[in-house]
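One letter stands for each residue in the lines below.
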Amino acid sequence: MKNTISFSTLPDFDLLTPSSLNEVLELLNQYKEKSRLLAGGTDLLIELRQRLKAPEVLIDLKKVSDLQTIRITDDELIIGAVTPIIEILTLPVVKEEFNALYQALIDLADEIIRYRATLGGNIGTASPAADSAAPLYVLDAQIEISSLSDARTIPITQFFTGVKSNILSTDEVITSIRIPRPLKGTKSAFMKAKRSSEDLAIVGVACLHNEKRTSLAYTAIAPTPLLIDITDFKLEKREDLNQTIFERIWEKILPNLNPIDDVRSSKKYRIHMAEIITRKILKEALE
Amino acid sequence: MNNYVGKSVARKDAKEKVSGLAEYAVDIDYIPNLLSGKFLTSPIAHARIVSIDTTEAEKIPGVVAIVTGKDWPVKIGLYAGDRDILAVEKVVWIGQPVVALAAESEIIAEKALSLIKVEYQSLEPIFDPKKAMESKDILVHEKMVEYNHSPAFNPIPGTNIANHFKLRKGDIEDGFNKADEIFENEFSMPQVSHAYLEPIVSIGHYRKDGSIEVWSSAQSPFTVRYLLGITFATPTSNITVHSPFLGGGFGGKAGLNFEPLAVLLSRKARNRPVKLMLTREENFRSAPIRVGMVASIKTGVTKQGKITAQQIKYIWDSGACADYAVNVGRAAGYVSIGPYDIENIKSDSYTVYTNKPYATAFRGFGHLELHWVIERQNEIITKKLGIDPVAFRKLNTLKPGTGITGNQHRLREDAGSIDECLDKVWIDLSPKKDKIKSFDPWIFRGIGIAGFMKGPAQPPNSASSAYVKFNEDGSALVSVGTSEMGQGTLTSLAQIAADELGLPFEKIKIRGDRDTDRDAYTWQTVGSRSLFMDGNAVKNACINAKEQIFETVSQVLRVPKSDLTIKNELVFPRGEPWKHLSLSEVVMGYMYPSGESIGGPVIGHGTYMAKMTILDANTGAGNPAIFETFGAQGVEIELNALTGEITILKLVSAFDIGKVINPQLCEGQVIGGSVMALSIATSEKLQYSDKGDLLNPSFVDYIISRSGDIPKEFITHFVENPQEDGPHGARGIGELTMIGVPAALGNAISDAIGVEIFDLPITSEKIWSEIQKQKPTLISNLKQKMMEGI
Ligand SMILES: Cc1cc2nc3c(=O)[nH]c(=O)nc-3n(C[C@H](O)[C@H](O)[C@H](O)COP(=O)(O)OP(=O)(O)OC[C@H]3O[C@@H](n4cnc5c(N)ncnc54)[C@H](O)[C@@H]3O)c2cc1C
Numbered sequence: 000m001k002n003t004i005s006f007s008t009l010p011d012f013d014l015l016t017p018s019s020l021n022e023v024l025e026l027l028n029q030y031k032e033k034s035r036l037l038a039g040g041t042d043l044l045i046e047l048r049q050r051l052k053a054p055e056v057l058i059d060l061k062k063v064s065d066l067q068t069i070r071i072t073d074d075e076l077i078i079g080a081v082t083p084i085i086e087i088l089t090l091p092v093v094k095e096e097f098n099a100l101y102q103a104l105i106d107l108a109d110e111i112i113r114y115r116a117t118l119g120g121n122i123g124t125a126s127p128a129a130d131s132a133a134p135l136y137v138l139d140a141q142i143e144i145s146s147l148s149d150a151r152t153i154p155i156t157q158f159f160t161g162v163k164s165n166i167l168s169t170d171e172v173i174t175s176i177r178i179p180r181p182l183k184g185t186k187s188a189f190m191k192a193k194r195s196s197e198d199l200a201i202v203g204v205a206c207l208h209n210e211k212r213t214s215l216a217y218t219a220i221a222p223t224p225l226l227i228d229i230t231d232f233k234l235e236k237r238e239d240l241n242q243t244i245f246e247r248i249w250e251k252i253l254p255n256l257n258p259i260d261d262v263r264s265s266k267k268y269r270i271h272m273a274e275i276i277t278r279k280i281l282k283e284a285l286e
Numbered sequence: 000m001n002n003y004v005g006k007s008v009a010r011k012d013a014k015e016k017v018s019g020l021a022e023y024a025v026d027i028d029y030i031p032n033l034l035s036g037k038f039l040t041s042p043i044a045h046a047r048i049v050s051i052d053t054t055e056a057e058k059i060p061g062v063v064a065i066v067t068g069k070d071w072p073v074k075i076g077l078y079a080g081d082r083d084i085l086a087v088e089k090v091v092w093i094g095q096p097v098v099a100l101a102a103e104s105e106i107i108a109e110k111a112l113s114l115i116k117v118e119y120q121s122l123e124p125i126f127d128p129k130k131a132m133e134s135k136d137i138l139v140h141e142k143m144v145e146y147n148h149s150p151a152f153n154p155i156p157g158t159n160i161a162n163h164f165k166l167r168k169g170d171i172e173d174g175f176n177k178a179d180e181i182f183e184n185e186f187s188m189p190q191v192s193h194a195y196l197e198p199i200v201s202i203g204h205y206r207k208d209g210s211i212e213v214w215s216s217a218q219s220p221f222t223v224r225y226l227l228g229i230t231f232a233t234p235t236s237n238i239t240v241h242s243p244f245l246g247g248g249f250g251g252k253a254g255l256n257f258e259p260l261a262v263l264l265s266r267k268a269r270n271r272p273v274k275l276m277l278t279r280e281e282n283f284r285s286a287p288i289r290v291g292m293v294a295s296i297k298t299g300v301t302k303q304g305k306i307t308a309q310q311i312k313y314i315w316d317s318g319a320c321a322d323y324a325v326n327v328g329r330a331a332g333y334v335s336i337g338p339y340d341i342e343n344i345k346s347d348s349y350t351v352y353t354n355k356p357y358a359t360a361f362r363g364f365g366h367l368e369l370h371w372v373i374e375r376q377n378e379i380i381t382k383k384l385g386i387d388p389v390a391f392r393k394l395n396t397l398k399p400g401t402g403i404t405g406n407q408h409r410l411r412e413d414a415g416s417i418d419e420c421l422d423k424v425w426i427d428l429s430p431k432k433d434k435i436k437s438f439d440p441w442i443f444r445g446i447g448i449a450g451f452m453k454g455p456a457q458p459p460n461s462a463s464s465a466y467v468k469f470n471e472d473g474s475a476l477v478s479v480g481t482s483e484m485g486q487g488t489l490t491s492l493a494q495i496a497a498d499e500l501g502l503p504f505e506k507i508k509i510r511g512d513r514d515t516d517r518d519a520y521t522w523q524t525v526g527s528r529s530l531f532m533d534g535n536a537v538k539n540a541c542i543n544a545k546e547q548i549f550e551t552v553s554q555v556l557r558v559p560k561s562d563l564t565i566k567n568e569l570v571f572p573r574g575e576p577w578k579h580l581s582l583s584e585v586v587m588g589y590m591y592p593s594g595e596s597i598g599g600p601v602i603g604h605g606t607y608m609a610k611m612t613i614l615d616a617n618t619g620a621g622n623p624a625i626f627e628t629f630g631a632q633g634v635e636i637e638l639n640a641l642t643g644e645i646t647i648l649k650l651v652s653a654f655d656i657g658k659v660i661n662p663q664l665c666e667g668q669v670i671g672g673s674v675m676a677l678s679i680a681t682s683e684k685l686q687y688s689d690k691g692d693l694l695n696p697s698f699v700d701y702i703i704s705r706s707g708d709i710p711k712e713f714i715t716h717f718v719e720n721p722q723e724d725g726p727h728g729a730r731g732i733g734e735l736t737m738i739g740v741p742a743a744l745g746n747a748i749s750d751a752i753g754v755e756i757f758d759l760p761i762t763s764e765k766i767w768s769e770i771q772k773q774k775p776t777l778i779s780n781l782k783q784k785m786m787e788g789i
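Going line by line, the protein sequences match chains A and B.
Number 33 in numbering that gives the first Met the number 0 belongs to position 34 of the first sequence; there are no gaps in the numbering.
Number 662 in numbering that gives the first Met the number 0 belongs to position 663 of the second sequence; there are no gaps in the numbering.
Simulated from the structure, these hints should not be mistaken for lab results.
Some clues are possibly wrong.
[Unchecked claim] Here are the computed lysine to any residue pairs in the SDA-like style, where the Cα-Cα straight-line distance is at most 20 Å:
no.	chain 1	residue 1	chain 2	residue 2
1	A	Lys279	B	Lys784
2	B	Lys305	B	Asp439
3	A	Lys233	B	Glu787
4	B	Lys110	A	Gln67
5	A	Lys279	B	Asp439
6	A	Lys279	B	Gln783
7	B	Lys110	A	Lys282
8	A	Lys266	B	Glu787
9	B	Lys110	A	Leu44
10	B	Lys784	A	Arg50
11	B	Lys110	B	Leu122
12	B	Lys110	A	Gln242
13	A	Lys282	A	Thr169
14	B	Lys782	A	Lys1
15	A	Lys236	B	Pro42
16	A	Lys233	B	Pro775
17	B	Lys782	A	Glu55
18	A	Lys1	B	Glu568
19	A	Lys52	B	Ser113
20	A	Lys1	B	Gly588
21	A	Lys282	B	Lys305
22	A	Lys266	B	Ser113
23	A	Lys267	B	Lys782
24	A	Lys282	B	Ser596
25	A	Lys279	B	Leu777
26	A	Lys236	B	Lys772
27	B	Lys772	A	Leu234
28	B	Lys538	B	Pro576
29	A	Lys251	B	Leu694
30	B	Lys110	A	Pro54
31	B	Lys116	B	Pro42
32	A	Lys267	B	Lys110
33	A	Lys267	B	Pro775
34	B	Lys382	B	Lys398
35	B	Lys690	B	Lys110
36	B	Lys110	A	Gln49
Computed from a predicted model, the values in this text were never measured in an experiment.
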């Protein structure tokens, strides 16, 4: 039996602090699986202390200013992957047009963590409970990824591949998250069930509704976040949603949910809360 | 004449703490040749140790010493010596320290630990306290009978019962015969963590001459010193214990914890000092926690609401060691019926071993738990009988002159009044009841109240002392034994001293750190005893110092001592302030113009002894406490029946503390204590796997209240019926602030939706699942309503 030790130190590693994206890519190319990218460190440092990972080098992204810009164009919001959550929240357009994202980020961890934690890190960890995932799913976000030899843009829905795993190869970095500006009149929202006022989600739900589309996304209720389109139900106004319709919608959603029992919640309560929040969030979207 | 007592004087330690200058045990890294200590823990809940192989670890450069249980196989503990420093023959919980080492750095220590091989032979573990109580074949401590224990306790040989306390009064069957209704219920509470912010740190230095010096985040440094003396078979005078500021203790740092291990490591490390710093996970798994509880209660009541009989069985889940928890069972045993006067009582309180982390003292010392049982039961009774909850309680509460424990002991005339507390809380809760209807039909409002009492649980010979030492300029140092871990007691003690000595507050120094060589003795910093006990000692020390001052001044001024008084640093005959000497002229001895000098440096000393009795082993009769503080707490809540979520709108408290020495500090205690209790009531629970492994050893999954969970409004009343022998009439408050909260919350939930909760914690999920059980159609109806409402 391996000895269980509660470490107070971090394992040995070299900390590399590149100052440009190109240097990052070169280092990644050089060290590949022997390296880990370090953003805010609010996930990574815990994993290191617990010896879940033992990289030889940490490539610190915080000195790369190109990765920390937020831009809004006519078409999209582009958030540099290493932008601290707290900064994203200060941009008025985020609340005005991307409310689901705003609501998720203002409820992510606590204020102290939000100063360090980054959006790229939240996705990079690929936790099924990543708060930003649900809004990014309904908002059709695209993830920009670079390596020394290549660059690609993929929809967020293809990013997560399982519990704490993603499609990045060992020489790739997320450079930014691009979110198209929603149609006029779009409503989006996020809500999560939690055990205290500042907590990881028992379940997280995001909703987007406009004249073209109604979709829902879920976190913490399956190995990866889920996107479920319910445009077919033709919800246009509040009157279109009643108990019977909701039951049909829920029939469509329920088979996709596959939560676990753990110290945070039972499966049953997770599903119950997913249903109650879905009711609430849909109702509010139509009001 | 009080310049300071009764006022919200700023804390003595405020600047130090806010600026970061205050020193905690973790900051002590300036001791030369300091090594890092680290221990390996048991991965199995119950097993025999077959072998320990440390050869590979010894080879690592920088490893200075490795110790195992066999190096010092002495059992330690305060009331029952049942704990190994390191497991000797068998391990009894997951997290128990088995091997420890000292190394030049933490990294080396961790590396070496991973190379140690321990072979175990598994034994059947036992986790459920009810089963553990019955079990004869699975025993956590087969050798319990051989352990030393204080005569106040009654372990039952051949069982897992570490203590059985009995409270008896009247004839229980007779009591039930007189009742019109009988109520039987079961209640429970899980083990919880103290969740103090500062994890335990202990530094041990075993010197070549056999003297021992310890720096530790210890709540009770004198007890640590005393028990270290027993552990290492050396006179107490050979031992010095320093305890700096503590980052919270809540009872979790009250006994002897990791100090012997640090000393043992130092001894083996050729007398180099060794620092043990627990990680949060280690603190959860290896350091002591709070007892869990299972209780069954049977109450007989008349139609009018008079309780005729109370029969209770408490089982306290103390985990693998009960050195301190036996006293929790005892203290909760003699108060087991709560603040009520009942003719017929049969109560049994059992402290039981299980293969889980071990329990120690915890703010409230069994009283938060027992009042959860009593005050929930009372709510269920009043509802059934249709009596007003406060009227029902007041019909049964203890009044001056009525009995506390069993037959003999009567409540003193100046004990304070629970009835006044109940009334004050109820007035703030009840008028608004039902007036505010929520917009959403799934939101329910409710109010709940609970009454309670608690006194310090300490041995009858528990003592406090203090000294006051004057300086040349007339300023003074006050020394006490009580530790500072957030309460603010030291500030209140300085207020008492300033008024007694006629000194400005700034001229009183009272240090925040404790040093057993330097400071006056106190038994322990526990049980809300310090203001009362150490406060009396400080007052007596000041009186003694004044006596010395007056002796000198009466000679100089040629007036009788009894005429003298001190005010604004001047000593003069009452009514003749112009005829004064200044303190600075006297406190180092007075010199006449001729140069002839009298008196001498003034050091006043004072003591205070608890006045209590040993309780009768068969009935529990006797005087168990120097005071009982009475109180009541109530909450007003909003409950979302669809999600089970509750919002605390208002928390109302009233305590009869005799005299408020410092209003702001008292209020701080109330807010801190009631939020801590709400946290325990709504979310805290140590969760174990079926193998006994703790599943939530971090604050990510062991949920404590965050700032957003704090109630919107606090209303606090202090009732001041003074107790003659308290300092300025005061009684303790620290623990009291928690006690009524869980039951008040349970009662408010019952009031809001008629669902009864019997087990803590009341998480949202718990409420949801109880609604489903007790009101099967409610949620589906509300879901329907939710979709209708526009
Ligand atoms: C107390 C506490 C509470 C928390 N509560 C929440 C919560 O409520 N909700 C929630 O969602 N999360 C929560 N978290 C988790 C964490 O804070 C977030 O996931 C955060 O967004 C991670 O960002 P970071 O910058 O700190 O990531 P890091 O820890 O630096 O990195 C996380 C992972 O992503 C990788 N990575 C980082 N940046 C990139 C990049 N640009 N390209 C590719 N890979 C990258 C890293 O290599 C690493 O594997 C909590 C954490 C703590 C400690």
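Status of the hints after comparison with the structure:
1. Pair hint Lys279/A plus Lys784/B holds up; C-alpha atoms about 12 Å apart against a cutoff of 20 Å.
2. Using a Cα cut-off of 20 Å, the hinted pair Lys305/B and Asp439/B is violated, with the two alpha carbons roughly 39 Å apart.
3. For the proposed pair Lys233/A and Glu787/B, the alpha carbon gap of about 18 Å is at most 20 Å, so the pair holds.
4. As the CA atoms of Lys110/B and Gln67/A are separated by approximately 38 Å, the hinted pair breaks the 20 Å bound.
5. Distance restraint check for Lys279/A and Asp439/B: the Cα-Cα separation of roughly 12 Å lies within the 20 Å cut-off, and the hinted pair is therefore satisfied.
6. Between Lys279/A and Gln783/B the alpha-carbon distance is near 12 Å, which keeps this suggested pair within the 20 Å criterion.
7. For the proposed pair Lys110/B and Lys282/A, the alpha carbon gap of about 56 Å is over 20 Å, so the pair is violated.
8. Straight-line distance between C-alpha atoms of Lys266/A and Glu787/B comes to about 28 Å, which puts the hinted pair past the 20 Å bound.
9. For the given pair, Lys110/B sits about 19 Å from Leu44/A by alpha-carbon distance, which is consistent with the 20 Å threshold.
10. Straight-line distance between C-alpha atoms of Lys784/B and Arg50/A comes to about 50 Å, which puts the hinted pair past the 20 Å bound.
11. For a cut-off of 20 Å, the pair hint linking Lys110/B to Leu122/B is broken: about 29 Å separates their Cα positions.
12. Taken as a hint, the Lys110/B and Gln242/A pair is broken in the structure, with Cα atoms around 60 Å apart against an allowance of 20 Å.
13. The suggested pairing of Lys282/A with Thr169/A is violated, with an alpha-carbon distance near 43 Å, which exceeds 20 Å.
14. Only pairs whose Cα atoms come within 20 Å are accepted, and Lys782/B paired with Lys1/A is rejected, the gap being roughly 50 Å.
15. Straight-line distance between C-alpha atoms of Lys236/A and Pro42/B comes to about 58 Å, which puts the hinted pair past the 20 Å bound.
16. Under the criterion of a C-alpha separation no larger than 20 Å, the hint pairing Lys233/A with Pro775/B is inconsistent with the structure, at around 33 Å.
17. This hinted pair does not check out: Lys782/B and Glu55/A have alpha carbons roughly 54 Å apart, beyond 20 Å.
18. The suggested pairing of Lys1/A with Glu568/B is violated, with an alpha-carbon distance near 68 Å, which exceeds 20 Å.
19. The straight-line distance between the Cα atoms of Lys52/A and Ser113/B is roughly 16 Å, inside the 20 Å bound, and the hint therefore holds.
20. Restraint check for Lys1/A and Gly588/B: not satisfied, since their Cα atoms lie roughly 69 Å apart, outside the 20 Å limit.
21. Taken as a hint, the Lys282/A and Lys305/B pair is broken in the structure, with Cα atoms around 51 Å apart against an allowance of 20 Å.
22. For the suggested pair Lys266/A and Ser113/B, the alpha carbons sit about 36 Å apart, so the restraint of at most 20 Å is broken.
23. About 16 Å separates the Cα atoms of Lys267/A and Lys782/B, which keeps this hinted pair within 20 Å; it holds.
24. Taken as a hint, the Lys282/A and Ser596/B pair is broken in the structure, with Cα atoms around 90 Å apart against an allowance of 20 Å.
25. For the hint pairing Lys279/A with Leu777/B, the CA-to-CA distance comes to about 18 Å; that is within 20 Å, so the pair holds.
26. For the suggested pair Lys236/A and Lys772/B, the alpha carbons sit about 36 Å apart, so the restraint of at most 20 Å is broken.
27. Distance restraint check for Lys772/B and Leu234/A: the Cα-Cα separation of roughly 34 Å exceeds the 20 Å cut-off, and the hinted pair is therefore not satisfied.
28. Taking the CA atoms of Lys538/B and Pro576/B, the gap is near 24 Å; set against the 20 Å cutoff, the hint is violated.
29. Simply put, Lys251/A and Leu694/B have alpha-carbon atoms about 34 Å apart, too far for the 20 Å limit, and the pair is violated.
30. For the hint pairing Lys110/B with Pro54/A, the CA-to-CA distance comes to about 17 Å; that is within 20 Å, so the pair holds.
31. Among the hinted pairs, Lys116/B with Pro42/B is consistent with the structure: their alpha-carbon atoms are about 12 Å apart, no more than 20 Å.
32. At roughly 42 Å between alpha-carbon atoms, Lys267/A and Lys110/B are farther apart than 20 Å, so this suggested pair is violated.
33. Taking the CA atoms of Lys267/A and Pro775/B, the gap is near 15 Å; set against the 20 Å cutoff, the hint holds.
34. About 24 Å separates the Cα atoms of Lys382/B and Lys398/B, which puts this hinted pair outside 20 Å; it is violated.
35. Between Lys690/B and Lys110/B the alpha-carbon distance is near 27 Å, which puts this suggested pair outside the 20 Å criterion.
36. Proposed proximity of Lys110/B and Gln49/A is supported: the alpha carbons are some 14 Å apart, at most 20 Å.
In terms of the numbered hints stated before, the structure departs from hints 2, 4, 7, 8, 10, 11, 12, 13, 14, 15, 16, 17, 18, 20, 21, 22, 24, 26, 27, 28, 29, 32, 34, 35, listed from lowest to highest.
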